[in-house]
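Participant: Line order of the protein sequences matches chains B and H. Residue numbering for the first sequence follows the working numbering, beginning at 1 and increasing consecutively. Residue numbering for the second sequence follows the working numbering, beginning at 1001 and increasing consecutively.
Just so you know, the hints here were simulated from the structure itself, not pulled from any lab data. The reader is advised that the hints may include incorrect statements.
Straight-line C-alpha distance at most 25 angstroms; calculated DMTMM-like pairs for lysine to aspartate or glutamate [stated by the list, open to error]:
id: 1; chain 1: B; residue 1: K23; chain 2: B; residue 2: D349
id: 2; chain 1: B; residue 1: K23; chain 2: H; residue 2: D1063
id: 3; chain 1: B; residue 1: K23; chain 2: B; residue 2: D260
id: 4; chain 1: H; residue 1: K1023; chain 2: B; residue 2: D63
id: 5; chain 1: B; residue 1: K23; chain 2: B; residue 2: D298
id: 6; chain 1: B; residue 1: K23; chain 2: B; residue 2: D295
Listing some non-contacts, in silico: residues in chain B with all C-beta distances to chain H over 12 angstroms [claimed, not checked]:
id: 7; residue: L15
id: 8; residue: D295
id: 9; residue: E303
id: 10; residue: V324
Predicted model only: the values in this text are computed from it and were never measured. Glycine residues also receive a C-beta, built at the ideal position from the N, C-alpha and C atoms.
What follows is each chain in one-letter form.
2 protein chains.
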Amino acid sequence: MSDLRDDLQRRAAALDAADVLAKRRELFALDDSAVYLDGNSLGALPCHVPARVADVINREWGDLLIRSWDESGWWTAPERIGDRIAPLVGAAAGQVVVGDSTSVNVFKAVVAAARLAPESRDEILVDATTFPTDGYIAESAARMTGKRLVPVAPADLPAALGPRTAAVLVNHVDYRTGRLHDLPGLTAAAHAAGALAVWDLCHSAGALPVGLDAHHVDFAVGCTYKYLNGGPGSPAYLYVAERHQAAFDSPLPGWNSHTDPFGMTPGYAPADGAARGRVGTPDILSMLALEAALDVWDGVAVETVREKSLALTDFFLECVDAYVPEGRVVPVTPAAHAERGSQVSLRCDGGLSAGEVMRQLIARGVVGDFRRPDVLRFGFTPLYVGFADAERAARVLAQVLAETPGEVPA
Amino acid sequence: MSDLRDDLQRRAAALDAADVLAKRRELFALDDSAVYLDGNSLGALPCHVPARVADVINREWGDLLIRSWDESGWWTAPERIGDRIAPLVGAAAGQVVVGDSTSVNVFKAVVAAARLAPESRDEILVDATTFPTDGYIAESAARMTGKRLVPVAPADLPAALGPRTAAVLVNHVDYRTGRLHDLPGLTAAAHAAGALAVWDLCHSAGALPVGLDAHHVDFAVGCTYKYLNGGPGSPAYLYVAERHQAAFDSPLPGWNSHTDPFGMTPGYAPADGAARGRVGTPDILSMLALEAALDVWDGVAVETVREKSLALTDFFLECVDAYVPEGRVVPVTPAAHAERGSQVSLRCDGGLSAGEVMRQLIARGVVGDFRRPDVLRFGFTPLYVGFADAERAARVLAQVLAETPGEVPA
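Hey, can you work out the whole structure from these sequences and the hints?
Facilitator: Written out as structure tokens, the structure is:
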């Protein structure tokens, strides 16, 4: 065992030494006491964000007060920050706008997609394994546009598409299993069936190339507090493909989306471009914290991040396989690279409580999370997680499992 | 003139000396170089907010990371902060939830009100002079619930109510004119007609008593960045009267409103109570900045604020009357206390450009704003504006007007 460990640790050190992203970790407020593998839930704090937020509060709000809406660029922040996110998801400028929560943006996107479809297309397909909020909100969008919501397992989507399909809403990466869905293929299949494709990028943006424009995605949404490190509950974003912008019919036509918001006319006339996706007054503190956080991406290609992410998750799976006795945990994240996001999910077998195992792991400095009933999640964020972290996490997991008896089924 | 000025300045000094709220100004990051009369647009910065936000960022996000959702009380912030706002708007605990923008909350409230009405009630009445976003969003809510939107001037609302009215949406204080609408009377009239009343409190919460519970208001929304000083674009709030909570049918049933959000079940089961008004992940930085900002209300009764607000606006109108030659500006804010909010709006007559006048005022340290085409707005925020400020503002206005010729109509 100790030979095995020495070998894995030597390899981890070599991989870290060769890692072109290794220096990026210094940009984050992380110490080495813990291995943080929960950046797929809440990204770590970039070191320079506190000073930027302090300036926003003290100078822009405190001193300049109302003038900051113009002078500090507050008013245009949603589009400006959208253009910072755009290259990370493969979108040309002018198609992404930041604001509201992911749930609210799912509502805008699904309603808008439903409205673009002819009446005869009366079904909205939704990824049946999706993060729940997408399903709940899609159900509301369907109800309010006179459509029927049809939950379908992603693998069955191509067969479920048909002349009645208005739109399909899919998660790019499954939040529970870490499975990466085939965005190019499913988008093309939707289009071939005459339907529109709406993608939720919460678990892929900042972790792997998305290629929204290249794959002709129609609408997309995503959060910014996972791999984009925007901070807890930081604003989400909405992508409306340029070809749909002129017909984009938002169910939330707030004054910020008006073509002349300060005209304050009683009649609604929508703005052109990404701004049409705005609703109310933007949440400036959170939004400008996010803007600052995006600096850590300067000079980083998402392809490089993906390469490291796959190497990290491969190595972690290898370490788990080496350290953990067979049958205690079973990977539910696909082994095939084409089907893997940037997390590894392990199912606890043999009556083990995933919640209890994760509590033990966290107590020993390995921070992941769990999803009921039995899944341990380990997120690999290539900007600040290294190969030694992966080895340590697997090793501590093996220790915890060795000390945690399986529960005896009743 | 100088006798008049001496007299007004002496009276201002006496009023400030007797003002029980005068010391509250020290809680705000304001210097005396300017008179800030735009707190009805963006409230001033409470001095202790920067340190609190720094702690949220550095310790709660940076150090505790994901643990803060539980340990730092992030998850329950929307209800907890709602309960801080509740007494300011006359609501018992458990009925106010913080999150999203005012526009998004208008959507929730109007859709929910429409859904509570029988099908035969197919009209939603909206204040025709409302802040535009309310009208735009109400139109969308009407469209998506199969109702018809009918804009009606507030004075005509009682006559417009009838057996077809499902709900009525009114602004408590008109953003342009500063007119205070009769919340008890219009709510009672709506109820007498069998309709529900939805109130927008953006320009009244924190400025005057609202009495949501006492007057049996059904739904209410409001922002927190004006008289509540939550910071630019800070989260809004939604009030659902306790008697409607069980039937509250949100059009935005995001996972945060689920009765067991971490069960992550595909079926939606709404939470009880105020939490049902939640949607997506709360925007923690902005939300906790707001929570800290609310400390300035500790020990302050809103009735005391109202008393000072009326005295301030009375005094400002008196000073304007004394300093400004007749016919240059005309108050559009009602003289009657029962019809006045906490701002004074002055219409520029004789071809004067309100925009130009306001630019001159700001250059001379009197910060208000203007609304097209011809209205100067001066907001009086009793926690940090005093009587000497009111006198100075009126005096500088008179100077600016004396130097600004009216434009010759073409």
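Participant: Please go over all the hints and tell whether each is borne out by the structure.
Facilitator: Structure-based check of each hint:
Proposed proximity of K23 of chain B and D349 of chain B is contradicted: the alpha carbons are some 37 angstroms apart, above 25 angstroms. The suggested pairing of K23 of chain B with D1063 of chain H holds, with an alpha-carbon distance near 20 angstroms, which does not exceed 25 angstroms. At most 25 angstroms may separate the alpha-carbon atoms for a hinted pair to count; K23 of chain B and D260 of chain B exceed this at roughly 45 angstroms. The suggested pairing of K1023 of chain H with D63 of chain B holds, with an alpha-carbon distance near 20 angstroms, which does not exceed 25 angstroms.
For the hint pairing K23 of chain B with D298 of chain B, the CA-to-CA distance comes to about 13 angstroms; that is within 25 angstroms, so the pair holds. Restraint check for K23 of chain B and D295 of chain B: the C-alpha separation of about 14 angstroms stays at or below 25 angstroms, so the hint holds. Against chain H, the non-interface label of L15 of chain B holds: every CB pair exceeds 12 angstroms, the least being about 25 angstroms. Chain H leaves D295 of chain B outside its interface by the beta-carbon criterion, the shortest separation being 15 angstroms against a cut-off of 12 angstroms.
Distance to chain H confirms E303 of chain B as a non-interface residue, since its nearest Cβ pair spans about 27 angstroms, more than 12 angstroms. For V324 of chain B, the requirement that its beta carbon stay farther than 12 angstroms from each beta carbon of chain H is met, with the minimum near 23 angstroms.
In the structure shown, a violation is registered for the earlier hints numbered 1, 3, in ascending order.
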